[in-house]
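Given these sequences and hints, build the entire structure.
There are 2 protein chains.
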Amino acid sequence: MSETKRVAVLLADGFEEGEAVVFIDIMRRLDIEVDVLSCMETTALNTYFKTKITADYTLIEKFDETYDAVMMPGGPQGTDNLTANTSVIAFLKRHIDANKYICALCSSGAKVLAAHHLLQGRPYTTGDKLADKFDDGDFRIQKVVVADNFITGRGLGVSFEFAFTVAKYLLSDNQEKVDWQANHIYFDH
Amino acid sequence: MSETKRVAVLLADGFEEGEAVVFIDIMRRLDIEVDVLSCMETTALNTYFKTKITADYTLIEKFDETYDAVMMPGGPQGTDNLTANTSVIAFLKRHIDANKYICALCSSGAKVLAAHHLLQGRPYTTGDKLADKFDDGDFRIQKVVVADNFITGRGLGVSFEFAFTVAKYLLSDNQEKVDWQANHIYFDH
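So the protein sequences, as listed, match chains L and U.
Counting from 1 along the first sequence, just add 62 to a position and that's the residue number in the numbering used here.
Counting from 1 along the second sequence, just add 62 to a position and that's the residue number in the numbering used here.
For the record, the hints were derived by calculation from the structure and aren't laboratory data.
These numbers come from a predicted model, not from an experiment.
Among these hints, one or two may not hold up.
If several chains are the same, the list does not tell them apart, and a pair holds so long as it fits within one copy or across any two.
[Claimed, not checked] Taking lysine-lysine and the DSSO-like style, the derived pairs with C-alpha atoms no more than 30 Å apart in a straight line are: (1) Lys-191 - Lys-162; (2) Lys-230 - Lys-162; (3) Lys-191 - Lys-124; (4) Lys-239 - Lys-191; (5) Lys-124 - Lys-114; (6) Lys-239 - Lys-205; (7) Lys-67 - Lys-195; (8) Lys-239 - Lys-112; (9) Lys-205 - Lys-191; (10) Lys-195 - Lys-155; (11) Lys-239 - Lys-195; (12) Lys-205 - Lys-230; (13) Lys-205 - Lys-155; (14) Lys-67 - Lys-114; (15) Lys-112 - Lys-205.
What follows is the structure, given as structure tokens:
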């Protein structure tokens with residue numbers, strides 16, 4: 063049996079709760095360990111649509127750990143807060159250098175990855191019109207785009223496709239498990 | 063402009079967080095008011111996959127209010143807790159008698175509605191094999207089933223279809239708004 067995979071989910075005030083929670087849920091259903099990390103001062107978080115959600119730890123507490131994947135959801139203020147946070151950018155850069163998966167849903171693809179030139183011209187997707195604002199990245203109109211270790215998704219409505227794509231890369235030696243879970247939850251795939 | 067619609071989401075320890083959060087998120091995106099109600103002693107809740115989520119109020123605080131719809135997610139222990147709670151059943155019966163929408167995702171259709179003979183033989187859907195345990199209800203293998211005021215969904219993977227179906231009934235005078243939002247989040251519908 064292969065080693066348990068570990069994923070960090072980076073949340074900041076204003077994050078899109080459906081995008082975050084579907085991802086966390088699918089990962090944990092597949093026995094992938096998830097640390098939900100607040101990129102604010104405390105684990106208490108404000109969300110885009112006011113669902114009351116708290117992180118497991120702050121990013122600072124787990125800053126020196128290295129995960130197999132780092133995931134960011136969208137939400138306009140959430141991605142404003144992520145992109146302005148130098149610890150978030152340093153954490154992402156270290157994971158990019160270590161060849162880990164960088165998984166960005168919705169506006170985080172443009173507003174965090176492209177804004178900081180982290181895509182280095184790679185194909186990616188994000189919400190409409192956001193890509194126009196940044197030089198970096200080769201924007202594609204697709205539900206999910208995989209380019210090297212970067213996995214990006216369009217938005218909330220592709221949350222399941224995005225999560226299962228990440229899972230298929232993390233569990234590349236056990237696609238049956240991923241397919242079984244998608245069938246188990248009645249997700250058309 | 064029509065009156066703002068109001069929805070109660072009933073949560074108990076062990077609820078399926080993706081099913082609950084996608085539903086709450088889609089409702090609030092459509093300006094439908096949502097009260098997230100804990101059916102436990104306090105608003106603090108345990109979830110199926112350990113995402114830290116807190117309710118807005120306890121059911122007891124809002125017990126006498128009448129909502130346009132009542133929603134329940136699945137999660138094995140969550141629906142065990144809902145079905146054993148006499149306040150939950152009384153709250154549902156009052157809303158059924160008042161002709162409000164009763165929206166049950168995943169195991170809650172079988173384990174709460176059918177178990178308490180609330181379906182009165184109506185067509186419904188729920189997770190595999192759960193329907194066999196109960197006499198009430200006419201089980202269908204469909205993503206979402208609508209029968210009178212009862213809207214039921216198969217499981218987590220149909221969360222978006224389920225939420226948008228409920229929204230279309232609640233906002234029957236404004237289908238354009240519902241369709242716009244589904245397109246906006248890139249949900250294929």
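How the hints compare with the structure:
no., hint, result
1, Lys-191 - Lys-162, "within (28 Å within a copy, 40 Å between copies)"
2, Lys-230 - Lys-162, "within (14 Å within a copy, 41 Å between copies)"
3, Lys-191 - Lys-124, "neither (34 Å within a copy, 42 Å between copies)"
4, Lys-239 - Lys-191, "between (36 Å within a copy, 21 Å between copies)"
5, Lys-124 - Lys-114, "both (22 Å within a copy, 18 Å between copies)"
6, Lys-239 - Lys-205, "both (22 Å within a copy, 22 Å between copies)"
7, Lys-67 - Lys-195, "neither (34 Å within a copy, 37 Å between copies)"
8, Lys-239 - Lys-112, "between (34 Å within a copy, 21 Å between copies)"
9, Lys-205 - Lys-191, "within (15 Å within a copy, 33 Å between copies)"
10, Lys-195 - Lys-155, "within (21 Å within a copy, 53 Å between copies)"
11, Lys-239 - Lys-195, "between (39 Å within a copy, 28 Å between copies)"
12, Lys-205 - Lys-230, "both (16 Å within a copy, 24 Å between copies)"
13, Lys-205 - Lys-155, "within (25 Å within a copy, 41 Å between copies)"
14, Lys-67 - Lys-114, "both (27 Å within a copy, 21 Å between copies)"
15, Lys-112 - Lys-205, "both (26 Å within a copy, 28 Å between copies)"
The structure fails to meet hints 3 and 7 from the earlier list, while all remaining hints are met.
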